[in-house]
Amino acid sequence: GAHEAGIDGGGVFKEFLDDLIKEAFNPVKSTAKNRSERTSNANIGPFFSESPVQTLVVDIHRLAPSDAVLAHYEFLGRVLGKAIYEGTLVEPQFCLPFLNQLLG
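Residue numbers (UniProt numbering): 1 to 104.
Hints are computed from structural coordinates only; laboratory data are not their basis. What you are looking at is a predicted structure, and each value in this text was computed from that prediction instead of being measured. Among the hints, a few may not be true.
FRET-style restraints, in silico, Cβ to Cβ [claimed, not checked]:
#, residue 1, residue 2, range
1, Asn26, Leu102, 31 to 39 Å
2, Ser66, Gly11, 29 to 37 Å
3, Leu96, Gly11, 15 to 23 Å
4, Gly11, Asp67, 32 to 40 Å
5, Leu102, Ala71, 12 to 20 Å
Virtual Cβ for every residue (Gly too), placed ideally from N, Cα, C.
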């Protein structure tokens with residue numbers, strides 16, 4: 001069979017959440033791997049960019065506001081909320097204004 005990470009650090013859901021967050025907050029990758037996969041979401045690209053101090057910032061200049069973009073940000077917010085609720089450490093390092101807003 002295929003080799004899996006199988007890290008036992010809180011169960012399968014924690015591993016899924018960790019992988020999802022790593023992929024979703026990757027500033028290099030796009031949501032679609034190539035142009036042929038982009039159909040109705042042609043304006044959706046990376047949602048975050050990396051600042052000079054290597055923290056993630058929301059990249060509003062690359063994306064035109066649309067229902068699809070807002071739905072993606074809402075989904076990512078729910079994923080982060082679930083991670084905070086579960087006490088799961090996440091790999092991305094966010095900028096301080098975003099963290100202050102997120103954590104109150």
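Would you pick out the hints that fail for this structure and give their numbers low to high? Hints 1, 3 are the ones this structure does not satisfy, whereas the remaining hints hold.
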